[in-house]
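2 protein chains.
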Amino acid sequence: MKTIEDFTQPYGLVDKIDAFGYLEYLRNNPDAPRKAGKVVLVTADTPLKASRGEGKTTTTIALIDALRARGIDAAAVLRQPSMGITAAGSKGGASGGGKASLTHPELVDWGLCGEMSAIEAAQNLLVSFAEKAIDEGKLDDVLVPRVSEVPSRSLRKTIVDAGKNNVAERVVLTPTCELMQIVVLSRSMDELAERVGNMTAGTKDGRGVKFNEFVELWRITNILTDAVKPAKTQTKAGSPVYVHGGPFANVSLGIPTLVSVEMATALHDVVVVEAGYGADAGAQKWLDIACREFGAQWPSAAVVVTRATTWRDDPTLQWRYPFHVNRLESMNIPTFPLINLWEGEDDLVDSLKSTAASLGFREPVLGNLFRDGGDALVSQLDAFVDTVQAADIPAAPESHRGMALRDNIEWVSKHAYGVPSERVIDRDGFEDSLNNARELCATVDVNLDDLALVAVKSPATMTDNDSLPEDQRSVTLKKVEPHTGAGVVQVNLTTSLTTPMPKIV
Amino acid sequence: MKTIEDFTQPYGLVDKIDAFGYLEYLRNNPDAPRKAGKVVLVTADTPLKASRGEGKTTTTIALIDALRARGIDAAAVLRQPSMGITAAGSKGGASGGGKASLTHPELVDWGLCGEMSAIEAAQNLLVSFAEKAIDEGKLDDVLVPRVSEVPSRSLRKTIVDAGKNNVAERVVLTPTCELMQIVVLSRSMDELAERVGNMTAGTKDGRGVKFNEFVELWRITNILTDAVKPAKTQTKAGSPVYVHGGPFANVSLGIPTLVSVEMATALHDVVVVEAGYGADAGAQKWLDIACREFGAQWPSAAVVVTRATTWRDDPTLQWRYPFHVNRLESMNIPTFPLINLWEGEDDLVDSLKSTAASLGFREPVLGNLFRDGGDALVSQLDAFVDTVQAADIPAAPESHRGMALRDNIEWVSKHAYGVPSERVIDRDGFEDSLNNARELCATVDVNLDDLALVAVKSPATMTDNDSLPEDQRSVTLKKVEPHTGAGVVQVNLTTSLTTPMPKIV
Numbered sequence: 024m025k026t027i028e029d030f031t032q033p034y035g036l037v038d039k040i041d042a043f044g045y046l047e048y049l050r051n052n053p054d055a056p057r058k059a060g061k062v063v064l065v066t067a068d069t070p071l072k073a074s075r076g077e078g079k080t081t082t083t084i085a086l087i088d089a090l091r092a093r094g095i096d097a098a099a100v101l102r103q104p105s106m107g108i109t110a111a112g113s114k115g116g117a118s119g120g121g122k123a124s125l126t127h128p129e130l131v132d133w134g135l136c137g138e139m140s141a142i143e144a145a146q147n148l149l150v151s152f153a154e155k156a157i158d159e160g161k162l163d164d165v166l167v168p169r170v171s172e173v174p175s176r177s178l179r180k181t182i183v184d185a186g187k188n189n190v191a192e193r194v195v196l197t198p199t200c201e202l203m204q205i206v207v208l209s210r211s212m213d214e215l216a217e218r219v220g221n222m223t224a225g226t227k228d229g230r231g232v233k234f235n236e237f238v239e240l241w242r243i244t245n246i247l248t249d250a251v252k253p254a255k256t257q258t259k260a261g262s263p264v265y266v267h268g269g270p271f272a273n274v275s276l277g278i279p280t281l282v283s284v285e286m287a288t289a290l291h292d293v294v295v296v297e298a299g300y301g302a303d304a305g306a307q308k309w310l311d312i313a314c315r316e317f318g319a320q321w322p323s324a325a326v327v328v329t330r331a332t333t334w335r336d337d338p339t340l341q342w343r344y345p346f347h348v349n350r351l352e353s354m355n356i357p358t359f360p361l362i363n364l365w366e367g368e369d370d371l372v373d374s375l376k377s378t379a380a381s382l383g384f385r386e387p388v389l390g391n392l393f394r395d396g397g398d399a400l401v402s403q404l405d406a407f408v409d410t411v412q413a414a415d416i417p418a419a420p421e422s423h424r425g426m427a428l429r430d431n432i433e434w435v436s437k438h439a440y441g442v443p444s445e446r447v448i449d450r451d452g453f454e455d456s457l458n459n460a461r462e463l464c465a466t467v468d469v470n471l472d473d474l475a476l477v478a479v480k481s482p483a484t485m486t487d488n489d490s491l492p493e494d495q496r497s498v499t500l501k502k503v504e505p506h507t508g509a510g511v512v513q514v515n516l517t518t519s520l521t522t523p524m525p526k527i528v
Numbered sequence: 024m025k026t027i028e029d030f031t032q033p034y035g036l037v038d039k040i041d042a043f044g045y046l047e048y049l050r051n052n053p054d055a056p057r058k059a060g061k062v063v064l065v066t067a068d069t070p071l072k073a074s075r076g077e078g079k080t081t082t083t084i085a086l087i088d089a090l091r092a093r094g095i096d097a098a099a100v101l102r103q104p105s106m107g108i109t110a111a112g113s114k115g116g117a118s119g120g121g122k123a124s125l126t127h128p129e130l131v132d133w134g135l136c137g138e139m140s141a142i143e144a145a146q147n148l149l150v151s152f153a154e155k156a157i158d159e160g161k162l163d164d165v166l167v168p169r170v171s172e173v174p175s176r177s178l179r180k181t182i183v184d185a186g187k188n189n190v191a192e193r194v195v196l197t198p199t200c201e202l203m204q205i206v207v208l209s210r211s212m213d214e215l216a217e218r219v220g221n222m223t224a225g226t227k228d229g230r231g232v233k234f235n236e237f238v239e240l241w242r243i244t245n246i247l248t249d250a251v252k253p254a255k256t257q258t259k260a261g262s263p264v265y266v267h268g269g270p271f272a273n274v275s276l277g278i279p280t281l282v283s284v285e286m287a288t289a290l291h292d293v294v295v296v297e298a299g300y301g302a303d304a305g306a307q308k309w310l311d312i313a314c315r316e317f318g319a320q321w322p323s324a325a326v327v328v329t330r331a332t333t334w335r336d337d338p339t340l341q342w343r344y345p346f347h348v349n350r351l352e353s354m355n356i357p358t359f360p361l362i363n364l365w366e367g368e369d370d371l372v373d374s375l376k377s378t379a380a381s382l383g384f385r386e387p388v389l390g391n392l393f394r395d396g397g398d399a400l401v402s403q404l405d406a407f408v409d410t411v412q413a414a415d416i417p418a419a420p421e422s423h424r425g426m427a428l429r430d431n432i433e434w435v436s437k438h439a440y441g442v443p444s445e446r447v448i449d450r451d452g453f454e455d456s457l458n459n460a461r462e463l464c465a466t467v468d469v470n471l472d473d474l475a476l477v478a479v480k481s482p483a484t485m486t487d488n489d490s491l492p493e494d495q496r497s498v499t500l501k502k503v504e505p506h507t508g509a510g511v512v513q514v515n516l517t518t519s520l521t522t523p524m525p526k527i528v
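Going down the list, the sequences are from chains A and B. Each residue of the first sequence is one higher than the last, beginning at 24 in my numbering. Each residue of the second sequence is one higher than the last, beginning at 24 in my numbering.
Check each hint, because a few of them may be wrong.
Pairs involving identical chains hold if they fit within one copy or between any two copies, as the list cannot separate such chains.
[Said to hold, decoys possible] The list that follows gives simulated cross-link-like pairs (lysine to aspartate or glutamate, DMTMM-like), each with its CA atoms no further than 25 Å apart:
#: 1; residue 1: Lys161; residue 2: Glu239
#: 2; residue 1: Lys180; residue 2: Glu421
#: 3; residue 1: Lys187; residue 2: Asp164
#: 4; residue 1: Lys187; residue 2: Glu433
#: 5; residue 1: Lys526; residue 2: Glu192
#: 6; residue 1: Lys180; residue 2: Asp158
Just so you know, the hints here were simulated from the structure itself, not pulled from any lab data. Remember, it's a predicted structure, so these values are computed and weren't measured experimentally.
Please put together the full structure from these sequences, using the hints given.
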């Protein structure tokens, strides 16, 4: 009989776990011991700015520390943030803060778990193979972008082969690329290779050409040998934390890898999955993509984090927090408001509680988690723990596979952003982009409507203008980009950037 | 009392060693036990093509296996090859072959030791910081190139910020960049940070601006936390092998890190350092840069590898192999010819020996190292072992620091390529490039003549045309590029590419 230790190797200060191997072992050995852990989603209010989080990671860490202090075997699953942005100082890390921190935040914040760089190399190598295919007459153009983990404003639009063929390109952030999506969604190296092979490299005579038509896929999967292994680290209080997958649920999946969560639920009773930016990005992606389309486990509860100032200070945006809480409750997910207090805000507790009550929320959880960590939460979790422990593991709702993409977009706009179909507006060129995507997919035997919808938008807005009154909010559709390998179709909405490549600030 | 184990951590299938910490411990504890190992250089004939090696790594592995079979504590130090080129299939790996292989060649060949990607991210982040400095009016232009570990022909010339400022750029292979040179040459994190700070980021009003004027250096060194640690792996026969530093002695340093070799000589009696491509690239760099200018240990012996076909088949290039052997002997390095036989070449042994004798070589070592590994060598190493064990550790020759760069180039051309000063020719623009480099250095208080000369050339030639008769061979000087952080000045010679960025083939 094997244990998780047989699938674990130290990599410096973290362990890496062969999750593919462990989960295969469990599948092949039905009698091998395992847990049937519950998933809890920690998500947040829509942030006021992308660079200013509400404290989701801090909350996630404090929550598992508090649960373990109550004797419950809890663990967390985090994504690896984008190293470049953290290293440049444009954004805080994603490793919690203060008392609710990881033992080695630098490993997570600075990319030292290593998977991002391997994915970057592998995706860029695919582009080089596509260039070679052009030289050999197998391709006319390249549809997959190069990637960089380091942000740089000047890479949004580039020209390569300058002075000769002058090919216009764009460089996107590594965590947003199709190969990262494939790593997030794949449950075995064979599946991963198949998905890479099904990526549309480019076109030849107007028809899509897949990488499996000209690339030896082992050259790509070999680079990803270690990248597919979740890292294991811990909180300062000693709670287990798994880190795997990339950020940016605004422009890509931005969720932890499916195998990291599946492995964690086999090992622990409660698995807290962080899903950000806000609920409209991270939770929407976890629920509507991971669970609905790719078999991930539906959450037994959700915690929606906000800061007192986010909820309070802009009256035109105050609608968003209750919207998120109510939406999750409407999907039968018991949803607990959590207000992460900052220094000097302790005296707001009573007024925040009464506001929450007036909105019909469950009893909110409040605390200064930076200062007090899990200690702030231990005594407030009775209802939460009862709820999580009482329920059976819920089934995910039915797939949208086969739903016309346009209907799918309108469904998301209505359910996740509160905008009805009559105010879902096409920008000039959207219809062409949609039709082109549909035709391109058809040439590689893919039905566009079978792909899972990934909404691409700003992290700080759900609609074209969240500050307008409800009946004036709209969602503008801009562009369609299918990823036939990952099995998703990206649709750019509202104020999305077409190239997610920030400058450092 | 600490041992090397206290500085060693497992990283998956390899160990990584805090060489900075171990060497500092030895400096601070003069009584701590250590060895005073001898350095042996394994280098080669100039290859006929860059992609076709003579078998240096195979020889290095067979040699340490054979030495250990004779009871000698031998180890090897290798560089990490460029993952992109290996992964793409453009070049074999650099992990030996056949019986003379590493236990896990994929770790070395596929970049899984990890330092290359960290160096790539850090160098690209420096470029992004420089862009930010332009936005803030601190810089007019950027002099450091972006890097990619993945080769791509179309990145030789690029335009970034396309449609706005249209900035012309070039992307160079990661292992050739100044930051890799700094990792190779630095003996502590403080020295590394100081060197990064002294890199010339760009210019403002015609004067050089260094990174320490606007970048918090810990942001760069943090990324390099693991990258500065040599990896330890082993041969199939169990001999220890350290891997650290990048390739391409034709266009950059291309030598292992200084600390990896220093650490190895403290731990083993004989340390075999691989220095390629040919002796004119790898050995020249180790001797004239690492030893002469940066305090590395002078070799107690050298092995110059060739293949029977390289030495034999092109009469116009046959001069090169004896030239290399004789040059090393002339520097008082006992030099052993080694002919790496391929399948079907066993019957060449007698004729190769007689040719070697007629050239006045030491008794050559011959064997099919792919097929037989160290077994092919064990009985042939008496003279080699006696030589290495008998000698004291030699002193390195005097530094060229302060020698006029032009004189230094002529010195290298004469000694390493056999071309006298009257046939060292300036291409149009060289003088301007030299003067510009001198003036730029002066603005950051660096004397160009104090920098160590790095000859940048094709791996397959030493002169403008190696096939011409000796009295017609020339060296054309093309371009000067100072690296004020690494403390080197690169001079492009002969048939060098100005941008080392191959396409994949």
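Consistency of the hints with the structure:
1. Lys161 / Glu239: So Lys161 and Glu239 pass the 25 Å test inside one copy only (15 Å; across, 47 Å).
2. Lys180 / Glu421: neither (40 Å within a copy, 50 Å between copies)
3. Lys187 / Asp164: This pair counts as both: shortest intra-copy Cα distance 15 Å, inter-copy 24 Å.
4. Lys187 / Glu433: Close neither inside one copy (44 Å) nor across copies (36 Å); limit 25 Å.
5. Lys526 / Glu192: both (17 Å within a copy, 17 Å between copies)
6. Lys180 / Asp158: both (23 Å within a copy, 17 Å between copies)
In summary, the structure is inconsistent with hints 2, 4 from the numbered list given earlier, while agreeing with the others.
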